Structures are given as C-alpha cells and as structure tokens.
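Trainee: Those protein sequences? They're chains A and B, same order as listed. The numbers in the UniProt record's numbering rise by one with no breaks, and the one at position 122 of the first sequence is 122. The numbers in the UniProt record's numbering rise by one with no breaks, and the one at position 89 of the second sequence is 89.
FYI, nobody ran anything at the bench for these hints, they're computed from the structure. It should be emphasised that the depicted structure is a prediction, and the values quoted were computed from it without experimental measurement. Idealized CB from N, CA, C, for every residue including glycine. Careful: at least some of the hints might be erroneous.
[Stated by the list, open to error] Far from chain B, some chain A residues (derived; all Cβ distances over 10 Å):
no.	residue
1	F12
2	H158
3	G241
4	F287
5	G321
6	P390
7	L451
8	F458
9	L461
10	G462
11	L466
[Said to hold, decoys possible] A few chain A residues that face chain B, going by a derived Cβ cut-off under 10 Å, partial list only:
no.	residue
12	D3
13	S114
14	I203
15	V205
16	G275
17	L295
18	Q523
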Amino acid sequence: MIDTNTKRLALFNFWIAFGSFALACVFGIYQVLERSGLFSFIQSPAVYFASVSTHGVLMAFVLTTFFIMGFGYYTATTSLKMPIWNPLLAWSGYAICLTGVVLAAIPLLLGKASVLYTFYPPIQANAFFYIGATLLVVGSWFWTVIMIVMFGKWKKNHPGETVPLPMFATTANAYLWAWTSVGVALEAVFQLLPWSLGLRDTIDVGLARTLFAWTLHPIVYFWLIPAYIALYSYVPIAAGGKLFSEKLARVAFLLILVFGLPIGFHHLYMDPEQGTIAKFWHMVGTFAVALPTLLTGFTVIASLEMAGRKRGGKGLFGWIGALPWQNTMVLAAILSLLMLVLGGFGGIVNASYAMNAMVHNTAWVPGHFHLIFAGTVVTMYLALAYHLWPKLSGKKLFSNDLALTQLWTWFIGMVIMTTPWHVLGLLGQPRRISAVQYNSLLTLAWQPYELLMIIGGFVLLGSACLFVYILFKTQTEGTLEPQTDEPNIQGEAVVSLWLNNFVPWNLLILGLMMLSYGWPILQFFVLKTYNPTAWGY
Amino acid sequence: MNPSSWISKIRSCLNLFEQDIEIENLEKKWLYVATIMVGFFVIVMGIGALVLNVNPPSHWETIDSASLHLSSEFAEDKLGVQPMALPDGTIQVQLVAARYGFYPREIVVPADQKIQFRMATLDVLHGAHIPMTNMSTMIVPGHVSEVTTVFPKPGEYPLLCNEYCGMGHDHMWSKVTVLSQDEWAALKTGGKQP
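Between the sequences and the hints, there should be enough to build the whole structure, so can you do that?
Mentor: What follows is the structure, encoded as structure tokens:
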C-alpha cells in the first residue's frame, strides 16, 4: 500500500539526492585530474578547493539527507501500512531543505565558500553558505518528527505488537539524527551565523571543533542505517531466504544508536583542545560501536548462507556461488560487505588512539571514507534505487543487465581509486592538497598512485552516469508493470519491551552524552580561551 | 539508596534484559568472539596509555594567537631549536605555523633523542605531520600544541601542513634535518641553527 502522495514525495527526494550525486561525481573527476599535475591548464587552487567543498557538501549532506528522507517516507508507509502523517509538514521540510541547498550552492559555486564541508573556522565563508547548511538541517528535522510520530501512532493502534523491523530501524535513525544534528546546529546558531553576519568579531575555534566532532561521527551512522535496513530487510528475501535473526538486527540498530553518539573525539585525537582522558573514553566507545557492525556482518552473511544452501549450494563455500548474483540487491550486498570488511580494517587503524598520528589527515582518511561511504553505503543506496524505482514509477526497471554492470563498475572503480589513496596516506601525502608542490624526494613515490586514481575516477564517473541513465529511462520509457507490495517484515511474536521502544535508550544516550561532552564543552566557558578573528582563504 | 541496592537493581535489570532478548547459541558465540576482539584492542591501547604513556598529543595550554610576536616564547627571535636542552635531555623546538610555512623553515635536530615540538598558529588551523614518523598534531588558533617524539632514522624530512589552511596550503611545508648522534656532536654550535 503506497499512495500517490508518498510516491511523489519519495521520488522528489530521490531525484535531488541522485542528481546531486551525479553532479558531485563530475566535480570528483576534475579533482583527480587537477591534483595529478598532468594538465597544467586546469590547475588552480581556487577552483580545486571550491570543487572539493562542493563535492563534499553534495555527497555528504545533500545526497544522504534527501535519500534518507525519501527512503524513510517509503519505509514508514509500506512497513506500517499507514499514510504519511501530515504530508504538508513533509513537503514543507522538503522545501526548506531545498531552499537551504540552493542558498548554500550559490556561494559554493562562486568560490565564496571554499571552507570544505567541515566548515573549519576561523576561515570564513559567505554567510549564505552557513544559512543554507542550517536550513538543510532544520528541514530534515521535519522528517525526524514525522518518523517519530508515525512510530508512536502505530504502536498506539497496535498495542502489544512489535513494530516492523524496517520502521524500527528508521525510527532509530530519526532519533540518532536528532541527537547528532544538535552539535552542528549549536555551532551554526551560536558561532558561525552571528560571526559570519558580522554580529560577533571572534570565534572560539576549540569549541567549534568540539561541537562539529559531536556531529561528525554519528552522522556517518545516519548515512549507514538505510544501507543496513536494506541488508537486513531486503537482501535475505532477494537472495531467496530469510533474515537469520531479527532480534539481533534490532540489537545492532540500538547499539549503533547508543554507541554511535558519544564518540566524536576520534576526529580530534591530534587536537590540543581536548585532553587524554576524554580522548581515551571516546576511543573505547569507538571500538564498542564496531560491535553492531560485526553483528551485522555475521547476521547478513548467515542469512545469505541459508539462502545459498536452500538454492542447492553445498560445501564450505559452495553456497556463495549458488547465490543469485544476477539480482541487483544481492550483488550490491556482496560488494558492499566486501568493501565494509576492507574499510573496517582501515577504520580500526584510524580509531586506534595514539596510532592515529601515522594517518591523521593523510590521504589514508579520504581513502577510508570513500571505501566505507561511497563504497558500502552508496552501493546499497544504488541497489535500493533499483528496487524502489519500479515500485514508485509503476514501471519495469529499464535493464537489469545494465544495472548489474553499473554496480560492478562502481565497485571496481572504487577499489581502483581507494587503494592508491590508502597507499598515498601511508607514504605521508596530506589529504586536501590541490597539487604536489613540496620540494622533497618523498613526492616521487607518490606519482604512480595519482595516475591510478585517475583511472578509478573515470570508471566511477561512467558508472554514476549509467546509474542516472537507468533511472531516467525507467521512469520515462519503462513499460508499465503491476507492482507487488513489500513483503511483510513483521516483528516476532514475542514482544520485547527492550527492543520495541526508545525511551530507555534515549535516557542512556543522555547520560553518555553528558559524560562524553559535559566537561569537554564546559571547559571553554570555564577556562580562559583566546578567540581569533575571521580569515579569508 | 545505598550502593548495594543500586547494584542489585542493575543486576535484576540486566537479568530481565537477558531473559527478554533470548539470543540463539550461535549468535551468542559470535557476540562473545566480537566482544573479546574489541576488548583486546581496547586493553592493548589502555596498557599503552597507562603504562607506556603512549597518548595522542593532548596538551592544554591557551595563547593569544594575535599577539604571538609579543609573547616570550613565540617571538621571532625565540623560535627554532632551543640552545639549551631541558634538564632531562629533551631538546625543545618552538615553531610558529602560519601561512604558508612552519617558521623557521629549516631546522636541524638529532636522532635518538627526545624532541619536544611546541607550536602555535598566528592565523588559521594548520596540521603538522612529518611523514613516516609519529610526529603529528593539529595546531588550533588560541592553543599551544605540544608533541614529543624521537626520530630513529637520520635524514631529511619534510614537515607538511595537513589541514586545509587557504589557497597556498599546497605550499606549506618546512624542512627538518635529522642528524645522527655523531654528526650532532660534531656540530659544535650546540644545537643552534647551522
């Protein structure tokens, strides 16, 4: 049961998301070409840093937020079997987000906001950039409210029943986002906006970095949860089996929600404004949040194995070959999990406290997050798009073969691009440089890897264009086809109080957040700090 | 309420949780394996931090970035490798990070000896990293960054800025020459700039 309004809402959100995605890939190819130093006529730090800033904002904030909103509306209506609560509110949120994107895009494209998607004062951007970013967050809160209200309404109408897993996870993500976005919202409202509008001359950089770190880590779980929903809810069925354990799935989502939040300081290990005790505590939490990912890997692979054996796969590995590799959802899950394993190892290195010194802010870091985000997460977004487009447009997917080609090329391109990136990081190349200008022998070792990255970049750009082409063709020229409803992913009969509501978990988060961020934030108000004025770039 | 009743309350809560969740055997085993793995990493780093004092640079000290040139430590004539080693033999190096370099641009230090870098920025955020070594720290306006390391291998190293700091970011680097202890001793200047 999916009504026209929800379909339209989802498609409108998805087109902004994937349009931004394709555009950002174009910026990406410029960046690998520019930084290789092969083509002197395109070399320009001004264009490069404007491009990197735009690429980051489009991928990390626009693609994700709009995709998650669209997918949330779809999941809520299909799994709860009720229409969107207050569609006007949903459309208003959409309009606010879109206004924000446009307001931020203007200074970004004009080179007036080359502060990268991480803001990093005291380099100052045009005020419209901060206003736009704030509106994007505010608009997304409308979605958050709608998800939480729908969860509550369903439970009220179904006393004693378990909320279906996809909606349970979506609501966990809504709570996660509510908690996550507070940090950057505080930074924007009390620091960046008054400062960029000229109401205040100086800015406390240590405080700004601390508040941004509050958001910077859990935001990646906000992006990741829709991918995990696909892995738990769609992949086992697509493979011809069933989810190995629904309870463990719920536990995994709750662990992500609780442990994903109070751990942002692993982005600040090398910073002077936070002490060892706080950093160590956040490190422990960072390792704790590896648990739900290890659980997810286990449960999803177990589900795939059950499906493979059911399809006649024998032996220790025979079930892998027996899986339906021709199914986009299954193929995406396999590729996505592969990249998650590789990226996860890299993540453990980053998270390893003092050892972070070896890789901090080197090319290793973008290598890592491209593998995890652009690899694991985006691959599942792509597969979800192939799954949802027929349901939303009522038309048959334009070509399953092209879709499989697209997923494979995205994987191959990502491996070709991120492997040299990791190596460059270990060879000491800083991230975010527009050209190699150092007069040092070390830079000779970097050259071959830059060339490899160009190849990866072209494969990825081709893959992204193919993706948008398939969606566009499906919607415009696809043959009409009656669509089936999403299968019921209904909660198990035994209602578990712990796994069916968020009150105790939110209280736990409140406690953990006070422990993790109480003094680290308070110190900037208690101790004497010196705040710098704004700088251009 | 006394602590023991709190503990019993928490315990009954956990029991309730365990009964409520009822996890299958295989899952339970994997949960143990995963927890032990993660716990092992944390314990190793805990020992490193508490026993061996292996911690990331986390020295809290504030400074007015706008008046570094007037400060007793970061004024122009005070920068570089300090002529006198600290009482424990550590050699101190004061650097100012600013667009676009770490000043002074060239320094010479000995290998196999503790080097303590103290750095401050006079403008925006910078990051200092000597590739292939663990000398790394962010330099945040308003704060003094302090990081201590030992360079085991003599040679010429670049000190690179690894945080975007403006249009000249690509050009921000300085040169660190690490001399062997013999060469260092031969350098009769007592550690001043050659």
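Trainee: Would you mind marking each hint as holding or not holding in the structure?
Mentor: Hints, one by one, checked against the model:
1. Distance to chain B confirms F12/A as a non-interface residue, since its nearest Cβ pair spans about 34 Å, more than 10 Å.
2. Residue-level check passed: H158/A sits 19 Å from the nearest beta carbon of chain B, beyond 10 Å.
3. Every C-beta of chain B lies more than 10 Å from that of G241/A, the closest at about 16 Å, which supports listing it as non-interface.
4. For F287/A, the condition that its CB be more than 10 Å from all CB atoms of chain B is violated, with the nearest at approximately 5 Å.
5. For G321/A, the condition that its CB be more than 10 Å from all CB atoms of chain B holds, with the nearest at approximately 23 Å.
6. Under the 10 Å C-beta cut-off, the non-interface status given to P390/A relative to chain B holds; the minimum distance is some 34 Å.
7. No Cβ of chain B approaches the Cβ of L451/A within 10 Å, the least distance being about 19 Å, so the stated non-interface status holds.
8. Distance check for F458/A against chain B: the nearest CB is about 24 Å away, which clears 10 Å, and the non-interface claim stands.
9. In this structure L461/A is separated from chain B by more than 10 Å, as the shortest Cβ-Cβ distance comes to about 24 Å.
10. Even its closest Cβ contact with chain B, about 29 Å, leaves G462/A beyond 10 Å, as expected for a residue assigned away from the interface.
11. In this structure L466/A is separated from chain B by more than 10 Å, as the shortest Cβ-Cβ distance comes to about 32 Å.
12. Interface restraint check for D3/A: the shortest CB-CB distance to chain B comes to about 36 Å, outside 10 Å, so the restraint is violated.
13. The criterion of a C-beta within 10 Å of any C-beta in chain B is met by S114/A, whose closest approach is roughly 8 Å, and the hint holds.
14. Hint on I203/A holds. Least Cβ distance to chain B is approximately 9 Å, under the 10 Å limit.
15. For V205/A, the interface hint holds, the least distance from its beta-carbon to any beta-carbon of chain B being 5 Å, beneath 10 Å.
16. Restraint check, G275/A versus chain B: the minimum CB separation of about 5 Å is within 10 Å; hint holds.
17. The restraint placing L295/A at the interface with chain B holds, with a minimum CB-CB distance near 7 Å, inside the 10 Å limit.
18. Given the 10 Å rule on beta carbons, the hint for Q523/A holds: about 8 Å separates it from the nearest Cβ of chain B.
Against the hints set out earlier in the document, violations occur for numbers 4, 12.
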